[in-house]
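Participant: Make a model of the complete structure from these sequences and hints.
Sequential numbering from 38 applies to the sequence shown in the working numbering.
In short, the hints are calculated from the structure, not lab data. All values derive from a computational prediction rather than experimental measurement. Wrong hints could be hidden among the right ones.
Said to hold, decoys possible - Per label pair, the in silico range of CB-to-CB distance:
id: 1; residue 1: D123; residue 2: S53; range: 29 to 35 angstroms
id: 2; residue 1: D56; residue 2: G91; range: 17 to 23 angstroms
id: 3; residue 1: M94; residue 2: H55; range: 28 to 34 angstroms
id: 4; residue 1: K97; residue 2: E131; range: 17 to 23 angstroms
id: 5; residue 1: I127; residue 2: W156; range: 19 to 25 angstroms
id: 6; residue 1: H55; residue 2: G91; range: 28 to 34 angstroms
id: 7; residue 1: A154; residue 2: H106; range: 29 to 35 angstroms
Positions of the beta carbon are idealized from the N, C-alpha and C atoms, including for glycine.
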Amino acid sequence: MALNVFSTSMTTENLSRHDMLAWVNDTLQLTYTKIEQMCSGTAYCQFMDMLFPGCIMMKKVKFNAKLEHEYIYNFKILQLSFKKMDVDKIVPVERLVKGKFQDNFEFLQWFKKFFDANWDGKDYDPVLTRQGPETTLPPSHPGTNTHLRSATTSVTRNGVDAEVLVLSQQVALPYSPSSASMSCGSSVSARANVKR
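Facilitator: Structure, rendered in structure tokens:
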């Protein structure tokens, strides 16, 4: 079971943003450049695995998360580990996944205190646990593009290959004949242009 901690803004042992980022990067062998990148939830999941081996199924963590719904998924995994280890802390998922500095910094400050209270110093290989050289970093400005999802697909229409940029329905971009890309909302007119 975990040792619970409480954090207030009045405590004097709070570290600066640079110190916090250095701690995350050094401990997990990452290269985060901003506190806001903690919004993916992956670092917290890995910290919990480090503190309480087996409390999280690390294979389920989406280390390459780039979208808000993937961040939420990771935080749900974190919440399950908190419940399993009787951690008395509500995770403000909806605020954290937005990628705002203040929300992520406050949660990270609490988590650092929690980590320090529970860490027993055992060996841990963060890179091996991630099963790769490094976690793909969340965007530097996660709040601005986390709702976008793109993928390229090759489409053949009457012998003409076109590359289609598929965007979420939240974004509608005009069709560009030079790149043969289309938005989800203009697929009919774009297909007509591809036939030419």
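Participant: Against this structure, judge whether each hint is valid.
Facilitator: Hints, one by one, checked against the model:
{"no.": "1", "hint": "D123 <-> S53: 29 to 35 angstroms", "verdict": "holds, 31 angstroms"}
{"no.": "2", "hint": "D56 <-> G91: 17 to 23 angstroms", "verdict": "violated, 30 angstroms"}
{"no.": "3", "hint": "M94 <-> H55: 28 to 34 angstroms", "verdict": "holds, 33 angstroms"}
{"no.": "4", "hint": "K97 <-> E131: 17 to 23 angstroms", "verdict": "holds, 21 angstroms"}
{"no.": "5", "hint": "I127 <-> W156: 19 to 25 angstroms", "verdict": "holds, 22 angstroms"}
{"no.": "6", "hint": "H55 <-> G91: 28 to 34 angstroms", "verdict": "holds, 33 angstroms"}
{"no.": "7", "hint": "A154 <-> H106: 29 to 35 angstroms", "verdict": "holds, 32 angstroms"}
When each numbered hint is compared with the structure, a violation occurs for hint 2 only.
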